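Colleague: Chain by chain, the residues run as shown.
2 protein chains.
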Amino acid sequence: MDVLQDLFASLKRAQTRLAPENAAAKNKALSAAAAAIDRDRAAILAANARDVEKARSGGMKESLIDRLFLDNQRINGIIEGIETVIRQEDPIGKLRAGWTLPNGLFVEQISVPMGVAAIIYESRPNVTADCAALAYKAGCSILLRGSSSALESNKALVASIKSGLADGGGIADAVALADSGNRDEIDEILTARGWIDVVLPRGGKDLIRRVVQNARIPVIETGEGNCHIYVEPSADMDKAVEIIANAKLQKPGVCNAVETLLIHRDALAALMPPLAVRLAGKAELRCDAESKAAVGTAAECGIVLKDAAEEDWETEFLDYILAVKTVDSCGEAIAHINRYGTRHSEAILTNDLQSAEQFRMGVDAACVYVNASTRFTDGSVFGFGAELGISTQKFHTRGPMGLEALTTIKYLVSGSGQVRE
Amino acid sequence: MDVLQDLFASLKRAQTRLAPENAAAKNKALSAAAAAIDRDRAAILAANARDVEKARSGGMKESLIDRLFLDNQRINGIIEGIETVIRQEDPIGKLRAGWTLPNGLFVEQISVPMGVAAIIYESRPNVTADCAALAYKAGCSILLRGSSSALESNKALVASIKSGLADGGGIADAVALADSGNRDEIDEILTARGWIDVVLPRGGKDLIRRVVQNARIPVIETGEGNCHIYVEPSADMDKAVEIIANAKLQKPGVCNAVETLLIHRDALAALMPPLAVRLAGKAELRCDAESKAAVGTAAECGIVLKDAAEEDWETEFLDYILAVKTVDSCGEAIAHINRYGTRHSEAILTNDLQSAEQFRMGVDAACVYVNASTRFTDGSVFGFGAELGISTQKFHTRGPMGLEALTTIKYLVSGSGQVRE
Chain X
1 MDVLQDLFAS LKRAQTRLAP ENAAAKNKAL SAAAAAIDRD RAAILAANAR
51 DVEKARSGGM KESLIDRLFL DNQRINGIIE GIETVIRQED PIGKLRAGWT
101 LPNGLFVEQI SVPMGVAAII YESRPNVTAD CAALAYKAGC SILLRGSSSA
151 LESNKALVAS IKSGLADGGG IADAVALADS GNRDEIDEIL TARGWIDVVL
201 PRGGKDLIRR VVQNARIPVI ETGEGNCHIY VEPSADMDKA VEIIANAKLQ
251 KPGVCNAVET LLIHRDALAA LMPPLAVRLA GKAELRCDAE SKAAVGTAAE
301 CGIVLKDAAE EDWETEFLDY ILAVKTVDSC GEAIAHINRY GTRHSEAILT
351 NDLQSAEQFR MGVDAACVYV NASTRFTDGS VFGFGAELGI STQKFHTRGP
401 MGLEALTTIK YLVSGSGQVR E
Chain E
422 MDVLQDLFAS LKRAQTRLAP ENAAAKNKAL SAAAAAIDRD RAAILAANAR
472 DVEKARSGGM KESLIDRLFL DNQRINGIIE GIETVIRQED PIGKLRAGWT
522 LPNGLFVEQI SVPMGVAAII YESRPNVTAD CAALAYKAGC SILLRGSSSA
572 LESNKALVAS IKSGLADGGG IADAVALADS GNRDEIDEIL TARGWIDVVL
622 PRGGKDLIRR VVQNARIPVI ETGEGNCHIY VEPSADMDKA VEIIANAKLQ
672 KPGVCNAVET LLIHRDALAA LMPPLAVRLA GKAELRCDAE SKAAVGTAAE
722 CGIVLKDAAE EDWETEFLDY ILAVKTVDSC GEAIAHINRY GTRHSEAILT
772 NDLQSAEQFR MGVDAACVYV NASTRFTDGS VFGFGAELGI STQKFHTRGP
822 MGLEALTTIK YLVSGSGQVR E
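Here the protein sequences come in this chain order: X and E. For what it's worth, our numbering labels the leading residue of the first sequence as 1, then goes sequentially. For what it's worth, our numbering labels the leading residue of the second sequence as 422, then goes sequentially.
Hints listed in this document are in silico derivations from the structure and should not be mistaken for laboratory results. For clarity, every value in this text was computed on a predicted model and none was experimentally measured. Each residue gets a CB set at the ideal place from its N, CA and C atoms; glycine is no exception. Treat the hints with care, since some could be wrong.
Unchecked claim - Sample of chain X residues at the chain E side, in silico, Cβ under 10 angstroms:
#1 L95
#2 M114
#3 V219
#4 G223
#5 D238
#6 Y369
Start from the sequences, fold in the hints, and give me the full structure.
Modeller: In structure tokens form, the structure reads like this:
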């Protein structure tokens, strides 16, 4: 269990040196890291080819191999990701609040780096560069623990990033890869109290659950999204159809895609027939009896209509499947969402101001939308630059996470000899 | 392990009803709770007398019995604590940020209640009322799990608070006491994922460690304070002596009292003799060789001078004992603090601007002071009203915790039919 101890100590020392660096110095080092990746393309692609070959001969599915695979264009994307981070405002040294106490003490609350972060992730090599850049910009050291299937790619990328940081006058030791390939590494990271300040799992449900169950250090939980759209009779039905189609079809495998549609009984007749036509050949509907009946003769368009089961309400399909349920009121929609949702992204489509307010206040979720697609919950869309993930917890950070999620605060108190009475 | 399940569900339902309450409604209910405690004094004092009698016959130390003991004056203090919370600004529904995306979506980040909080604490009954009031004001339900030695007192207080909340038109079920007396209660709270959003341990080191080790829900760690004062030659030595005396003597048993004094070699001659005179008969010094020698003839004042051992640097004495160490530079002082400190409250006494800045930036702690006593780290002093505790962690909240520590954020996104390209 002591595979990583030296790395922990080195990351902590590096973070102490990185913390006071100003934005210009951090950006210069990150630019040099991007340049080093550009320079080292051949080595990175060769390492990636070894990973891909091993994965293929080991029988990995092509869809997963595609996530692992790098080519020149994807390396351009990785470089562009680092440049996005460089363009972000420095999150450190911001004065968040300040006031003077009755005894003359001046209290300032400023933002400082969280410290040492760790990320445990699956096969995509771009996560390696994105997270290294985000952490560096936030003045944090980072320990990267990728999947063993991407080990060669990650070794090449991290070597390149570290050499670039050094070229740019930066602190190369602030970035480290856990590369022993030992499974115990994860447990060692999750119990590294005093060494690692926060761990982010990025990947499937099983990874996230394992991390949450075993961590003795703070975790930011990400990912699961059982998202809903609720439609009222006052909604613009043409727009409603397009919003639902967008939230279901544009990228169904992501966490902010819609999974269940809730329809007010009085909106069924206006919505279901055009929706069935719009989704025919593209998605399957799993309906309760009333919403199924409301499709009526529009069913001739060839839409696949199945009967919804209880388990459909709690399923994140991540597929071309939409569950549909009839409700009697906005309150019933809110209750359904708060029971079955994962507190990610929820939308109401309505022209009724009172319902919109009731929904905004009543739904417990990171992002609550009025008259828009749930697909906008995303760090880049929100303007945060490259993304650490979307937090589905309420503690420390919630929703799309930018650089601020890797900061904490410090109080600076200035006096002239004050003592406590 | 299902002792508390009904209580969890009831607290969660109550929180859903409490969340949208406005400040006037919450304050009215809290005023009625304060009035109910005033009305029920006799019953509360009688219950407390039973606890005290049981504790005394069980052989509890008088200092601990004093923490448990209530009289009319202490009940006045409890009522005043609730009134302080009423006077605090409502932390809910604050617009923290807002911006418009290029596609016209309007994004608002607002503060919302964290949800259901739990507090696990030791014998002081005033914590029961303080935490119930703070949670209620923050729109959170709270589960109170006090020590079994205070069970009768807590039952009477909670009954009174709940009846008051109901009298004031509030939501009595938002406050609950875990009163089975069963030790498994704590484990059940610490693993209540999906029911409890945050748990705060308030008490001694052992309690806090047990909670941190066993919790599968977010914890806010509080308490330990191995605090330092570092003195430079440019400091005003008269003020330095008074600041050190204040930080050591005014209330040595608290977490923001100073434990180790670091003195620049060039300040030894000016500081040690008057400091020894000031602390003689009041505190014991545990010095390294140089600082001991620097006391010189002033030792005739009768100050107790012992030799410091390595373990003194890492000890939170909570007593009339001060460790003293000589350093060569501000950098050495910072390194010592970052190695041995608990990231609570740290002070530099200097007139050198460069050192002050180096110390403020270099020391990793919740509160960093220039030319003032460490004793000011306190929610009330900082202006936050009654205190949930002082967070010594960096995640979610740091330093003195007011109502804001029980809040999280929600993004409200308003559109007019936007879909993602």
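Colleague: Does each hint hold? Answer for all of them.
Modeller: Hints versus structure:
1. Contact between L95 (chain X) and chain E, as hinted, is not supported at the beta carbon level, the nearest pair being about 13 angstroms apart and thus beyond 10 angstroms.
2. Look at M114 (chain X): its Cβ gets to within about 6 angstroms of chain E, closer than 10 angstroms, so that hint holds up.
3. A hinted interface residue such as V219 (chain X) counts as satisfied when its beta carbon comes closer than 10 angstroms to some beta carbon of chain E; here the least separation is about 9 angstroms, so the hint holds.
4. Because the closest C-beta pair between G223 (chain X) and chain E is about 16 angstroms apart, greater than 10 angstroms, the hint is violated.
5. Using the Cβ-Cβ criterion of 10 angstroms, the hint placing D238 (chain X) at the interface with chain E is satisfied: the shortest such distance is roughly 9 angstroms.
6. Given hint, Y369 (chain X) at the interface with chain E, holds; its Cβ is 5 angstroms from that chain's nearest Cβ, closer than 10 angstroms.
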